[in-house]
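A.B. asks: Full structure from sequences and hints, please.
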Amino acid sequence: MKYLLTIVMASVAFTAVAADDPAQTKREIVQHRTIAAAHEAAAKCMEAGTDEEICNAELAKTCKGLAIGKFCGMKHTHEQ
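Every letter in the sequence shown is one number past the one before it in our numbering, and letter 62, counting from 1, is 62.
By construction, these hints were calculated from the structure, which means they are not laboratory data. Among these hints, one or two may not hold up.
[Claimed, not checked] Label pairs and their in silico Cβ distance ranges: (1) 29 with 50: 24 to 32 Å; (2) 21 with 43: 30 to 38 Å; (3) 46 with 25: 17 to 25 Å; (4) 53 with 21: 35 to 43 Å; (5) 54 with 23: 35 to 43 Å; (6) 57 with 22: 30 to 38 Å.
[Said to hold, decoys possible] With a straight-line Cα cutoff of 20 Å, these simulated EDC-like cross-link-like pairs (lysine to aspartate or glutamate) come out: (7) 64 with 52; (8) 70 with 58; (9) 61 with 40; (10) 70 with 40; (11) 64 with 40; (12) 44 with 28; (13) 70 with 53; (14) 44 with 58; (15) 64 with 20; (16) 70 with 52; (17) 61 with 47; (18) 70 with 51; (19) 64 with 53.
No residue lacks a Cβ here, since even glycine has one placed at the ideal position from N, Cα and C.
C.D. replies: Put into structure tokens, the structure is as follows:
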């Protein structure tokens with residue numbers, strides 16, 4: 001819970017900074033779209049019947065340096 005609160009507070013701080021900097025806002029838009037595309041590719045990978053571990057490994061590779069965590073910035077309910 002403490003970790004989640006830290007992430008939320010950091011997100012709010014970054015959002016406040018982005019509101020004052022149009023260039024930062026544009027960078028964040030690109031980042032969100034890149035993360036979304038990576039998740040869409042992971043979903044298609046799983047739909048194709050590929051093992052989830054392989055799809056998640058590709059997701060992690062695509063998102064390296066872009067988002068945090070094992071699932072590229074998204075927490076799944078089945079995460080262990």
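A.B. asks: If a hint holds in the structure, say so; if it doesn't, say that too.
C.D. replies: Now the hints, each set against the structure:
{"no.": "1", "hint": "29 with 50: 24 to 32 Å", "in the structure": "30 Å, holds"}
{"no.": "2", "hint": "21 with 43: 30 to 38 Å", "in the structure": "32 Å, holds"}
{"no.": "3", "hint": "46 with 25: 17 to 25 Å", "in the structure": "32 Å, violated"}
{"no.": "4", "hint": "53 with 21: 35 to 43 Å", "in the structure": "39 Å, holds"}
{"no.": "5", "hint": "54 with 23: 35 to 43 Å", "in the structure": "37 Å, holds"}
{"no.": "6", "hint": "57 with 22: 30 to 38 Å", "in the structure": "36 Å, holds"}
{"no.": "7", "hint": "64 with 52", "in the structure": "18 Å, holds"}
{"no.": "8", "hint": "70 with 58", "in the structure": "11 Å, holds"}
{"no.": "9", "hint": "61 with 40", "in the structure": "14 Å, holds"}
{"no.": "10", "hint": "70 with 40", "in the structure": "16 Å, holds"}
{"no.": "11", "hint": "64 with 40", "in the structure": "16 Å, holds"}
{"no.": "12", "hint": "44 with 28", "in the structure": "24 Å, violated"}
{"no.": "13", "hint": "70 with 53", "in the structure": "11 Å, holds"}
{"no.": "14", "hint": "44 with 58", "in the structure": "12 Å, holds"}
{"no.": "15", "hint": "64 with 20", "in the structure": "27 Å, violated"}
{"no.": "16", "hint": "70 with 52", "in the structure": "13 Å, holds"}
{"no.": "17", "hint": "61 with 47", "in the structure": "19 Å, holds"}
{"no.": "18", "hint": "70 with 51", "in the structure": "16 Å, holds"}
{"no.": "19", "hint": "64 with 53", "in the structure": "16 Å, holds"}
The structure shown violates the earlier hints numbered 3, 12 and 15.
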